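Chain G: place on chain F using the hints.
There are 2 protein chains.
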Amino acid sequence: MGLGAKMICAVILAGGKGTRFWPLSRENCPKQMLNIVGEDTLLRQTIKRLHKFISSDNVWIITTDILAQDIRFHLKPLGADADRIRFIIEPSGRNTAPAVALAAITLSKLASDSVMVVMPSDHIITDTKQFQNKLRLAIEAAEEGYLVTFGIVPARPETAYGYIRSGKPLAKEPLAKGPPSASVKNSCNEIFHAEGFFEKPDLKTAETFLRQGNHYWNSGIFVWKTSKILEEIKRYLPSLYRGLQKIGKLNDLRNETFKELYSSLESISIDHGVMEKSRDVLVIPADFGWCDLGNLTALGDVLERDERGNILQGNAIDIGSENCTVIACDRVLATIGLKDTVVIDTADATLVSSKEMVHEVRKVVETLKRNNREEHLVHRTVERPWGSYTVLEKGDRYKIKRIVLHPKARLSLQVHQHRSEHWVVVSGTARVTRGEEVFDVQSNESTFIPLASKHRLENPGLLPLQIIEIQSGDYVEEDDIERFDDAYGRT
Amino acid sequence: MGLGAKMICAVILAGGKGTRFWPLSRENCPKQMLNIVGEDTLLRQTIKRLHKFISSDNVWIITTDILAQDIRFHLKPLGADADRIRFIIEPSGRNTAPAVALAAITLSKLASDSVMVVMPSDHIITDTKQFQNKLRLAIEAAEEGYLVTFGIVPARPETAYGYIRSGKPLAKEPLAKGPPSASVKNSCNEIFHAEGFFEKPDLKTAETFLRQGNHYWNSGIFVWKTSKILEEIKRYLPSLYRGLQKIGKLNDLRNETFKELYSSLESISIDHGVMEKSRDVLVIPADFGWCDLGNLTALGDVLERDERGNILQGNAIDIGSENCTVIACDRVLATIGLKDTVVIDTADATLVSSKEMVHEVRKVVETLKRNNREEHLVHRTVERPWGSYTVLEKGDRYKIKRIVLHPKARLSLQVHQHRSEHWVVVSGTARVTRGEEVFDVQSNESTFIPLASKHRLENPGLLPLQIIEIQSGDYVEEDDIERFDDAYGRT
Numbered sequence: 179m180g181l182g183a184k185m186i187c188a189v190i191l192a193g194g195k196g197t198r199f200w201p202l203s204r205e206n207c208p209k210q211m212l213n214i215v216g217e218d219t220l221l222r223q224t225i226k227r228l229h230k231f232i233s234s235d236n237v238w239i240i241t242t243d244i245l246a247q248d249i250r251f252h253l254k255p256l257g258a259d260a261d262r263i264r265f266i267i268e269p270s271g272r273n274t275a276p277a278v279a280l281a282a283i284t285l286s287k288l289a290s291d292s293v294m295v296v297m298p299s300d301h302i303i304t305d306t307k308q309f310q311n312k313l314r315l316a317i318e319a320a321e322e323g324y325l326v327t328f329g330i331v332p333a334r335p336e337t338a339y340g341y342i343r344s345g346k347p348l349a350k351e352p353l354a355k356g357p358p359s360a361s362v363k364n365s366c367n368e369i370f371h372a373e374g375f376f377e378k379p380d381l382k383t384a385e386t387f388l389r390q391g392n393h394y395w396n397s398g399i400f401v402w403k404t405s406k407i408l409e410e411i412k413r414y415l416p417s418l419y420r421g422l423q424k425i426g427k428l429n430d431l432r433n434e435t436f437k438e439l440y441s442s443l444e445s446i447s448i449d450h451g452v453m454e455k456s457r458d459v460l461v462i463p464a465d466f467g468w469c470d471l472g473n474l475t476a477l478g479d480v481l482e483r484d485e486r487g488n489i490l491q492g493n494a495i496d497i498g499s500e501n502c503t504v505i506a507c508d509r510v511l512a513t514i515g516l517k518d519t520v521v522i523d524t525a526d527a528t529l530v531s532s533k534e535m536v537h538e539v540r541k542v543v544e545t546l547k548r549n550n551r552e553e554h555l556v557h558r559t560v561e562r563p564w565g566s567y568t569v570l571e572k573g574d575r576y577k578i579k580r581i582v583l584h585p586k587a588r589l590s591l592q593v594h595q596h597r598s599e600h601w602v603v604v605s606g607t608a609r610v611t612r613g614e615e616v617f618d619v620q621s622n623e624s625t626f627i628p629l630a631s632k633h634r635l636e637n638p639g640l641l642p643l644q645i646i647e648i649q650s651g652d653y654v655e656e657d658d659i660e661r662f663d664d665a666y667g668r669t
Numbered sequence: 179m180g181l182g183a184k185m186i187c188a189v190i191l192a193g194g195k196g197t198r199f200w201p202l203s204r205e206n207c208p209k210q211m212l213n214i215v216g217e218d219t220l221l222r223q224t225i226k227r228l229h230k231f232i233s234s235d236n237v238w239i240i241t242t243d244i245l246a247q248d249i250r251f252h253l254k255p256l257g258a259d260a261d262r263i264r265f266i267i268e269p270s271g272r273n274t275a276p277a278v279a280l281a282a283i284t285l286s287k288l289a290s291d292s293v294m295v296v297m298p299s300d301h302i303i304t305d306t307k308q309f310q311n312k313l314r315l316a317i318e319a320a321e322e323g324y325l326v327t328f329g330i331v332p333a334r335p336e337t338a339y340g341y342i343r344s345g346k347p348l349a350k351e352p353l354a355k356g357p358p359s360a361s362v363k364n365s366c367n368e369i370f371h372a373e374g375f376f377e378k379p380d381l382k383t384a385e386t387f388l389r390q391g392n393h394y395w396n397s398g399i400f401v402w403k404t405s406k407i408l409e410e411i412k413r414y415l416p417s418l419y420r421g422l423q424k425i426g427k428l429n430d431l432r433n434e435t436f437k438e439l440y441s442s443l444e445s446i447s448i449d450h451g452v453m454e455k456s457r458d459v460l461v462i463p464a465d466f467g468w469c470d471l472g473n474l475t476a477l478g479d480v481l482e483r484d485e486r487g488n489i490l491q492g493n494a495i496d497i498g499s500e501n502c503t504v505i506a507c508d509r510v511l512a513t514i515g516l517k518d519t520v521v522i523d524t525a526d527a528t529l530v531s532s533k534e535m536v537h538e539v540r541k542v543v544e545t546l547k548r549n550n551r552e553e554h555l556v557h558r559t560v561e562r563p564w565g566s567y568t569v570l571e572k573g574d575r576y577k578i579k580r581i582v583l584h585p586k587a588r589l590s591l592q593v594h595q596h597r598s599e600h601w602v603v604v605s606g607t608a609r610v611t612r613g614e615e616v617f618d619v620q621s622n623e624s625t626f627i628p629l630a631s632k633h634r635l636e637n638p639g640l641l642p643l644q645i646i647e648i649q650s651g652d653y654v655e656e657d658d659i660e661r662f663d664d665a666y667g668r669t
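From first to last, the protein sequence lines are chains F and G. Going left to right, the first sequence walks through residues 179 to 669 as our numbering numbers them. Going left to right, the second sequence walks through residues 179 to 669 as our numbering numbers them.
It is worth saying that the hints were derived from the structure and are not from the lab. Incorrect hints may have been included.
In this list, chains with the same sequence are indistinguishable; a pair is considered to hold if it fits within one copy or across any two.
To be verified - Straight-line distance between alpha carbons at most 35 Å, and here's what the computed DSBU-like set of lysine-lysine pairs gives: (1) Lys230 with Lys346; (2) Lys572 with Lys586; (3) Lys378 with Lys437; (4) Lys572 with Lys254; (5) Lys195 with Lys517; (6) Lys517 with Lys382; (7) Lys184 with Lys254; (8) Lys577 with Lys632; (9) Lys586 with Lys541; (10) Lys346 with Lys547; (11) Lys455 with Lys382; (12) Lys226 with Lys382; (13) Lys254 with Lys307.
Nothing here was measured: the structure is a model prediction, and the numbers come from that model.
Extracted from the complex, chain F is given alone in its bound form (with noise of 0.2 Å):
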């Protein structure tokens, strides 16, 4: 492979906060953690496309504070793998910029002459086999020196992504940076310069794009030196680039200090800040079922529409309508007559939307936290390590959950101050501590947890252990728990 020279590592920038998308996305779930298409989550797809050369020692994922946690139980069911990823925690979004940056700084004291695949979390590449040829080629070609980046084959006048102008092939000329690699000189119709970068376009220029034919859409994926994207930071965002040197000398990148200089940062995208401006930078040509869902409108081009041109999921019954998507959950969805349209229900919350005006959804979120809502924040059933919780309802002075946990996973020794706990066992066998006791309560059976005593609940079984548990209490909220041990890190 001739890669085996530098150490390759993966950065996955992981911090969106799912607006766009809701209500499928929520705050402690957004689009990454969704599974749109194919076999798997975004994230967990984007995860297992890069083992063939990159180590999960070396897969570093860039988030926030608040996403961490919940990604890090969303990546368990990698197994092994799961725990060997590495995580940056960014105190603040601060866009691409920045995040780069930090990763680059991290990166560059374990490994000075390291090459970072810079790699949103959330798209979609269907052709693996040709998106980890293209991948090695880059990599060849980052470790000479150029920052490399994938354009991808435009299918059609789209106006809702970037483009990128290629110029000279990378071979036909005098190599600035010395003699190329026998494969990048194999590959001289598969590297280009890059001639500049367009923001989103009107359709008329992306109808030009189209028409001339060496623009391609920006994918949004980089590979560099860590070495060489350090070098043109401080060339380009000189600022920055200061504020980076003091977070360098930083040992806690926990601390308060961390969190002032980061928020310091210069907000801008690694795109514009470095990526128009730098005149080292290549782009190779891609067309490997590269899609960035921008919004809900966009699930029109990667699933399957009926003749019509609708997509229909879920519990759905559709009279004459015409190119719409419509995903239903298990509630009955109905829908008559529509254009145009997106219809998205989920168990709590439902959209409906003109195609046209969907980018609006950022509104509603903005109202549901204005209300102090909790629809924007998380499901109804929320995945847990151990399993996952659902509630069915919360009324005055009580809240009933369904709650499923893994065989042999246990919730943590809690007690609750607020609110007593009826526990009925529908489906497999609960161990339960209560105070001193340990006692099994078997399907059809029930127990009760009394306010204030401390108590335990446990899948001993091999099957799934599924309770209805009825709080009661004067309070009812999630915050009225203390943990004194838990196998997830939550103490």
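Same frame as chain F, but now just chain G:
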């Protein structure tokens, strides 16, 4: 009042199936049982509106077998009057002529010279005072042997209603039926001969009608002597009349002979079958805020709109929609940039339809029926005379319900063969009969009803009792119930 001479009976047509208002309406809760405008449901408002002239003993509700019990429960809030209202059961829906004929033959046995006021159970009338004045006039005219109907002064060239054309005023010609009474004489510009009935017109015709001025919306409210309508049925619907004569001879209107006879009657509307043909039809122009909500788009005529023409109810968040009807429940329903769209959300089903195609909702109901679903039959919360229950979740081998019992209410003594039940009292006090025991369960306590154990739930208190019931067993459907006594006549 001059109305004392004859018995005046109301016949309220309440057999509507509730298809066109789905998902607000269900088979056991059709449109007439919905509270759409005003302070009560359409059916209860219809009954209350008649109080002034017609005592509850003379109110007859004609409906189907399926609906009768639900309507009886539904009338309970009317208090002592509710029990005095009588029912005529149609064994199957056969349009309005057979229903009116059945009511006429029933009434004629009690008092051959009674006056019938026939009206639908699901119309809106906002000006009760004017309605009552016009009704008085109609009853007087009916006593003189006319078929009297109200013609609603049209507010717009509506194409969803039938029209009546008025001819000469009643008092300007010699009366065939003898001299008019004083009040009829004083109302010579208030009563006209009907010159023609017109089915729903196209827009051009409706505009012409509006311009001509002597055209009124057909209100579907009729006043006549029982003997007179029977005469006219005999004349214009002779075959239906012959079937009716056979029904008149039956002593029991619940047996198979009746069902067979009734289902063989011609299915035709009273408008088409009699009113269009009879030469003794009078029309009283009226403007008492009448509205027949033909389908969900008609909500736009009776509910308040905002400045963009939208109706927004419940937990709805709208961004930039126009001319839409959005009825949310307590789940969040967000709408963005919609036009001329109806969005109705209920606990277990959502409808999104263009206004233009909303009549196609019947196809949705047919699909639900075909798929053996329940969303067209009942709401998630089912109102009962003793309170209500809500299915919070149904899973494999379990079902969770919230049950609310009115103060002093009790369920029947019952037994289930396939399920046991856990009851957790959330508020109030439950009195539980279990086998031979009777005991009280307080708020935040629970109890267990084993399979095959005779039991009863009762609210001995003065506040509502709220319990969570978790059913567990091989079979958790509503029909696994054997009742031993029942305050509500269901044993």
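Structure-based check of each hint:
1. Lys230 with Lys346: Close inside one copy (30 Å), not across copies (93 Å); limit 35 Å.
2. Lys572 with Lys586: both (29 Å within a copy, 26 Å between copies)
3. Lys378 with Lys437: Answer is within; shortest intra-copy Cα gap is 32 Å, inter-copy 70 Å.
4. Lys572 with Lys254: both (30 Å within a copy, 29 Å between copies)
5. Lys195 with Lys517: For Lys195 and Lys517, the Cα distance is within 35 Å both inside one copy (29 Å) and across copies (29 Å).
6. Lys517 with Lys382: Answer is both: 25 Å inside a copy and 28 Å across each meet the 35 Å cutoff.
7. Lys184 with Lys254: within (29 Å within a copy, 82 Å between copies)
8. Lys577 with Lys632: Result: close both inside a copy and across copies, 19 Å intra and 29 Å inter.
9. Lys586 with Lys541: neither (43 Å within a copy, 48 Å between copies)
10. Lys346 with Lys547: neither (50 Å within a copy, 65 Å between copies)
11. Lys455 with Lys382: within (25 Å within a copy, 66 Å between copies)
12. Lys226 with Lys382: Neither: 38 Å inside a copy, 65 Å across copies.
13. Lys254 with Lys307: within (25 Å within a copy, 70 Å between copies)
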